[in-house]
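Colleague: Below are the chains, spelled out letter by letter.
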Amino acid sequence: MRTRGKVKGLRQTEVLVIGGGPAGLSASLEAASLGCQVTLVDSDLALGGQLIKQTHKFFGSKDERAGTRGFKISEILLEELERYKDRVKVHMNCTATGFYREDGVVSCVIGEDEYFRIKPGKIVMATGAQERLLPFPNNHLPGVYGAGAVQTLMNVYGVAPGKRVLMVGAGNIGLIVSYQLMQAGVEIAGIVEAMDRVGGYWVHAAKVRRMGVPIYLRHTIKEALGDRVVAGAVIQEIDDRFQPVGKEIQIDVDIICMAVGLTPTCELLWQAGCEMVFVPQLCGHVAQRDLFMRTSHPDIWVAGDAAGIEEASAAMVEGRIAGVGVARSLGKDDSSEHSKRLEEYRRRLADLRGGEVGQKICQGLECCTVNEWGV
Amino acid sequence: MFWRRTADVVVIGAGVQGCSIAYNLAKMGVKDIVVLEKGTICSGSTGRCGAGIRAQWGTEMNCRFGLAAVEKFEQLHDELGMDCGLNQSGYLMVAYKDSEFEQLQKSMKLQNSLGINTRVVTYDEAKEICPGLAAEDAVGFTFHERDGHADPFLTTFAYMEAAKRLGVEFLRFTEVTDVKTVAGRVAGVATNRGDIDAPVVVNAAGGYSQFIAKMAGVEIPNLSERHEILITEPVEPGVCPPMLMSFSGNYYIQQRPHGSIIGGCSPEGHPQDYDLGNSWDFLEMMSRTFVRLLPRTKGVRVVRQWSGLYNMTPDRQPVLCEADNVKGFFLSCGYSGHGFMFGPISGELLAQLILGQEPWIPIGMLHYSRFERGELLIEPAVV
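Residue numbers (the numbering used here), protein chains in the order written: chain W, 4 to 378; chain L, 1202 to 1584.
For the record, the hints were derived by calculation from the structure and aren't laboratory data. Note that the structure is predicted; figures quoted are calculated from it, not measured. No residue lacks a Cβ here, since even glycine has one placed at the ideal position from N, Cα and C. Be a bit skeptical, because a hint or two may be false.
[As the list claims (entries may be wrong)] Pulled from the structure, derived: some chain W residues nowhere near chain L, Cβ distances all over 10 Å:
| no. | residue |
| --- | --- |
| 1 | Ser46 |
| 2 | Thr71 |
| 3 | Lys343 |
[What the hints assert, rightly or not] Straight-line alpha carbon distances no greater than 16 Å define the calculated EDC-like cross-link-like pairs of lysine to aspartate or glutamate that follow:
| no. | chain 1 | residue 1 | chain 2 | residue 2 |
| --- | --- | --- | --- | --- |
| 4 | L | Lys1273 | L | Asp1338 |
| 5 | L | Lys1328 | L | Asp1338 |
| 6 | W | Lys122 | L | Asp1482 |
| 7 | L | Lys1499 | W | Asp116 |
| 8 | W | Lys210 | W | Asp242 |
| 9 | L | Lys1365 | L | Glu1580 |
| 10 | L | Lys1298 | L | Asp1338 |
| 11 | L | Lys1415 | L | Glu1326 |
| 12 | L | Lys1239 | L | Glu1370 |
| 13 | W | Lys122 | W | Glu105 |
| 14 | L | Lys1228 | L | Glu1301 |
| 15 | W | Lys11 | L | Glu1485 |
| 16 | W | Lys122 | W | Glu17 |
| 17 | W | Lys11 | L | Asp1482 |
| 18 | L | Lys1499 | W | Glu117 |
| 19 | L | Lys1307 | L | Glu1580 |
| 20 | W | Lys166 | W | Glu190 |
| 21 | L | Lys1499 | W | Glu115 |
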């Protein structure tokens, strides 16, 4: 451990929450409601994370506002945040660029200009997920998008990304974004899916099929065509070992949209030296955590997609649990209140994970959850 | 899994030193060489280094090594059959103090006497050499145009591939846990995967070489210091073609072919904890140096920062020799931050020593016994 004198210009906060999506907002609210002083940083221009572009109604459970559209849920959380504005300081357009484990300092940049560092007592990493992309020739051409980016363009900024889209991936995101693109007047030339069946909910798949969109099962994208921008795509059937077979099909599109899954954003957790484990069911490397969502680093909690890819409903509950965990470790409020809330949140998580999809999540969680870290 | 029980030569460490030694031995006809690496090829100090190559040194021995290294790098592509990413745009040394400039000029005289055409350049010339430079506060510059930098990964991989073609075997994730000796001779190594008997063992373990030496019962005073370094996002090439270096300015900076700029410095109090962590004070200090020295980097993002180990000796010169008390145990370590550039030469020299030949550059003074005798060869020109 390096020793150093008092550092000038080092900000302090009891709790730093990194990421203002459903998990980070919930963690901030929960910690603030239990008396913590919270600093919330988010790299985007608005709080809410992916919620603000989700125009579809949520599934899940009533506790987590099933039936409400994603962006509405974000508005509800922000109203709640308003009540704690004296306890939660928010920095928008602010990226946490590094965690320095020798002294626990986090470096942040607001926009392109303002740099500061902050020394939090506790940290909740709610950094969300990143979109996966596939390697194929010309995948760098303008016009190759992640589905999340397309959704942001359309639903947040009101911009149609192009005229004719090839969607890669028939999971829920691929299906929902395809449908939303059609609602925005964009043509879907087809949906390519490597597996032999649709991965997303049947109700979403049925919607796009009813509108005549072909779904190419057991197909993959071979390459993007075009000189300076995307002008088309080549797709091909694949066999059981994902090797290309059969003839190539050329499709004229100006947009190739990749909806091939997400992976947890965990750079800061690696930098912090948290114990990490690769869990396929959670879509990547995730931090080992206890039942309070605390990582192996005694001052760092994790919540939401950063802790494993799941849905926003579960992210919100995990955020709540992390918020309670942080407050508890800071000795805030009385422990009976903590226990009452934890019991409630754990019940809600169990409800959310009760279904078929939840089984896979639960299997994954078994690989990365400990009861409680030894002190 | 097949496990070899014997080898003619075991090389410990697959950085540039280990790969170069293995290649040179194989080239000189040695069969059955195995290189053991506890991580992946080039994952230690070589792959983390600033990658400079220079002949501008302050001691005769280093000048000879440096010039030989420059000449070697100039034809390494042809010899190894693979591009090593050589950029020969020179080293521009920047002095901010009169005494420092005097020292540079003193070194230059020595260099010139050894056939190294270092020259003093004016600030205007310096700006021609390095268009992005802002150093009004400098008092003088020296420049040697054959200096430069190379890609440490490409260079090490080129050695490895060439060595493989000559039959050398590389075992990754194979950590040496003991060096076995019998009656004053090395007998082999124990690893996490099994033992290998060998009459010759080479310690090229970089930052961990003192531990390997100790396993053989050889005491060397090497210490490993953590040094930090960072890289920016790309800017247009041509901002900083040469390696910029200053001892009092405390920096070395170079631009990669794709435009990113790499820079490191020597902050006070290098931790010796083998932690390979990073610090924000380095980030801030180095960023300030970048912007002051290369104003084009203002507002440019830092992509990544990392650290590596300098394996330091008391006189900042390497240990390149056979152990006194353990015959067959050879050491190539303690390069004190310039092991990458010397690798092509030291590999050749050590291979000669191992085969009982006279190294073509005398290396007798690089025996570690110099430390006990107090005959240090102090090198002034180190960042």
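Colleague: Checking against the hints above, which ones are violated?
Modeller: Structure breaks hints 4, 8, 9, 11 and 14.
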